Amino acid sequence: MQGISAVLKFPRKTLEFQQARLDDTVIRAPFDGLIIRRDRDPGDIVVPGSTIYQLIALDEIWVSAWVDETTMAALNPGQPARVVLRSEPEHPFPGHVVRLGYETDTETREFVVDIAIETLPEHWAIGQRAEAYIETNRLDDVLVAPVAFVTVRAGERGVFVIRAGRATWTRCEFGARGRELIEVRSGIEPGDVIVRPAKAGARTKLSDGTRVEVE
Numbered sequence: 118m119q120g121i122s123a124v125l126k127f128p129r130k131t132l133e134f135q136q137a138r139l140d141d142t143v144i145r146a147p148f149d150g151l152i153i154r155r156d157r158d159p160g161d162i163v164v165p166g167s168t169i170y171q172l173i174a175l176d177e178i179w180v181s182a183w184v185d186e187t188t189m190a191a192l193n194p195g196q197p198a199r200v201v202l203r204s205e206p207e208h209p210f211p212g213h214v215v216r217l218g219y220e221t222d223t224e225t226r227e228f229v230v231d232i233a234i235e236t237l238p239e240h241w242a243i244g245q246r247a248e249a250y251i252e253t254n255r256l257d258d259v260l261v262a263p264v265a266f267v268t269v270r271a272g273e274r275g276v277f278v279i280r281a282g283r284a285t286w287t288r289c290e291f292g293a294r295g296r297e298l299i300e301v302r303s304g305i306e307p308g309d310v311i312v313r314p315a316k317a318g319a320r321t322k323l324s325d326g327t328r329v330e331v332e
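With our numbering, the residue at position 158 of the sequence shown is 275, and numbering never jumps.
Wrong hints could be hidden among the right ones.
[Stated by the list, open to error] Label pairs and their calculated CB-CB ranges:
no. : residue 1 : residue 2 : range
1   : L175      : G282      : 52 to 60 Å
2   : R155      : P197      : 49 to 57 Å
3   : P159      : Q245      : 28 to 36 Å
4   : S204      : T287      : 38 to 46 Å
5   : E220      : P165      : 29 to 37 Å
6   : Q245      : A293      : 49 to 57 Å
[As the list claims (entries may be wrong)] As a list, the in silico SDA-like pairs of lysine to any residue whose alpha-carbon atoms are at most 20 Å apart:
no. : residue 1 : residue 2
7   : K322      : P263
8   : K316      : R274
9   : K316      : N254
10  : K316      : G292
11  : K322      : V310
12  : K316      : R302
13  : K316      : S303
14  : K322      : V259
15  : K316      : V269
16  : K316      : T285
17  : K322      : T285
18  : K322      : L256
19  : K322      : E290
20  : K316      : A293
21  : K130      : A146
22  : K322      : G308
23  : K322      : T287
24  : K322      : T236
25  : K316      : R328
26  : K322      : V269
27  : K322      : R288
28  : K316      : E306
29  : K322      : V264
Hint data in this document are derived by calculation from the structure and do not stem from the laboratory.
These numbers were taken from a predicted model, which means no experiment stands behind them.
Yeah, the Cβ is synthetic: ideal placement off N, Cα and C, and Gly gets one too.
Just need the whole structure built from these sequences, with the hints factored in.
Right, here's the structure in full:
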């Protein structure tokens, strides 16, 4: 019996070796995901280190946003964010900050912030452009105004308020500012109607006393 066992040992090891070689011919993905690019076709010669497929995981998609270095102190992983894709500008998607980059571009003075999208849209593509808005602070029960409505006079900021049917420039004290809205600490009251100044190059410019009709 020992002789038979010794005879079978060599063929068994040979079979295991050949089975391992055969197993190496099967390319297995390291995780479940979606193939977005194929770099090799059947019959191509593949050398070690070659890329065959590009695979992405679908459980989490990140947006890499370039952010000005002056905001670095206010950013932290875990902060809520919203992502707006160019393909769906009216539908922001919730997300959160995953990672902050530690290298600033020497030309633009910006660094990368990675944001995970929590709910993926139906249609998306790797590499498409997006805008990211990160919430660094939250203020409740405050009066806000659109940033585009703020004007500067003699170095002071304020807004045009409708008083008795006419535009009246009113100096205001402002606080925290977002991309579109700014906190108004004093100068106007809730319920006041403010007017957006005319854009540069417009024929008619808004000034004190201009009659304004609210439609």
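Please work out if K316 and A293 have their alpha carbons no farther apart than 20 Å. 24 Å, violated
Has the given pair, K322 with G308, been kept, meaning a C-alpha gap of at most 20 Å? Answer violated: K322 to G308 is near 24 Å, above 20 Å.
Run the distance test for K316 versus V269: straight-line Cα separation, threshold 20 Å. 14 Å, holds
Hint says 28 to 36 Å; check whether the CB-CB distance for P159 and Q245 agrees. This hint holds: roughly 30 Å between Cβ atoms.
Hint consistency between K322 and L256 [alpha-carbon to alpha-carbon, up to 20 Å]: 33 Å, violated
Regarding the pair K316 and R328, is the alpha-carbon distance no greater than 20 Å? 18 Å, holds
Run the distance test for K316 versus R302: straight-line Cα separation, threshold 20 Å. Cα-Cα ~25 Å, so violated.
Has the given pair, K322 with E290, been kept, meaning a C-alpha gap of at most 20 Å? Given that 20 Å is the threshold and the Cα spacing comes to 24 Å, the pair is violated.
Quickly compare the C-alpha distance for K316 and T285 to 20 Å and report which way the hint goes. 18 Å, holds
Within 20 Å, alpha carbon to alpha carbon, are K130 and A146? It is violated: about 28 Å lies between the C-alpha atoms, which goes past 20 Å.
Hinted pair, alpha-carbon criterion (20 Å max): K316, R274. Please report holds or violated. Holds, because 17 Å separates the two Cα atoms, which is no more than 20 Å.
Given the hint that K322 pairs with T287, does the C-alpha gap stay at or below 20 Å? 16 Å, holds
Violated hints, in rising order: 2, 6, 9, 10, 12, 13, 14, 18, 19, 20, 21, 22, 24, 28; the structure is consistent with all others.
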